[in-house]
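Engineer: Fit chain B to the known structure of chain A by using the hints.
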Amino acid sequence: MRSIWRTLDRRLRLDIALVCLADGVVGMSYGAISVSAGLDLWLPLTLSVLVLAGASEILFVGIVAAGGSPAAAALGGLLVNARHVPFGLAAGDVLGRGVRRVLGSHVMNDESVVFALGQSTPDRRRAAYWACGLGILVCWPLGTLAGGLLGGVLGDPDAYGLDAMFPAVLLALVLPSLRDDARTRRTALAGAVLALAATPFLPAGLPVLAALPALLLPLGGAPGPAEGGPGPADGEPVREETAR
Amino acid sequence: MNAHTLLLPASVAVLAAGTFTFRYAGPLLRTRLGGTDRAERLMTASAVVLLVALVATTALAEGTGPAGVARPAGVLVGGVLAWRRLPFVAVVLAAAGTAAALRLLGLE
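Line order of the protein sequences matches chains A and B.
Note that the first sequence ends on residue 244 in our numbering; no numbers are left out.
Note that the second sequence ends on residue 108 in our numbering; no numbers are left out.
So here's chain A without its partners, still in its complex pose (with noise of 0.2 Å):
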């Protein structure tokens, strides 16, 4: 731990601490909307320890909370974490082997796949992965008992526009991989673009897995699939590949 901690230079650990922060006040909202709801706490709660992947748990609260189906709830969050097989696809060799691998894909996410993918050297890789992934693992579930606690008393999330500090953070740490290749930024662009037109239509985890068909279009040669790879998803128009 202490090793991680002294790899990284001072800027990459304020961020890291400064997004590990706002997973902890995005559970607050969490927590606080759950036992606004009608749920009890203990329900948030676990899933934050033993999921540890926000989107998926606000869309089974939100289910059972209207009245739904856990079973139906189960299922969305899983079509909503199903991203995370290409993530250990990309970013598995920072885990090491073992326990080691245990813990590390359970603190997989968003955030320490994405910190991980911005470091240049391997080193780095697993440094900023590890220091990210368990910072998330302590701060999310502890900001989702202290918003379970404190309950309405924080008022609407919305209102302090915490809705939109997930995505900017997102935003802000995939750019480097975006800004000095211009192949892979058309490609999550074409990307974007099949997801938010897929949206109205896919439940929700779904419209982010069809921007994956954007890696087979040939974008000015963007990293084309293995040789007999999947085809293009039904209905989306991909031109013929330039690398067969």
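If you're looking for bench data, these hints aren't it; they were derived computationally from the structure.
Note that beta-carbon positions come from the ideal geometry of N, C-alpha and C, so glycine has one too.
Be aware that one or more of the hints could be misleading.
Said to hold, decoys possible - If you want the footprint, here are the derived chain A segments under chain B, 3+ residues with CB under 8 Å: (1) 38–48; (2) 112–119; (3) 210–216.
Structural biologist: Same frame as chain A, now just chain B:
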């Protein structure tokens, strides 16, 4: 305890176990697939594509509809500051502050 009261904790367990399986699958598959340069680049690009799509959908959509004005404006302001390499804390506060200020003015 009847079947219905068990359904909620069981569903929590299913979500937790399934989510862990998703997270564990990537690092496990990665070692099996072996890391060619090309595969490596493709996997990194797919993570970036997913993250950008996540930014777009969480910034611009609410459920299956549009998110209104305040949140997208906040994210846009944050994004511009990040592009101009302003400190991260400024990005976060500007995004939340912009959305909050617009709502205070009655713009949702």
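Engineer: Are the hints correct? Go through all of them and say.
Structural biologist: Results for each hint:
no.: 1; hint: 38–48; result: holds (count 3)
no.: 2; hint: 112–119; result: holds (count 3)
no.: 3; hint: 210–216; result: holds (count 5)
Consistency with the previously given hints is maintained throughout, with no hint failing.
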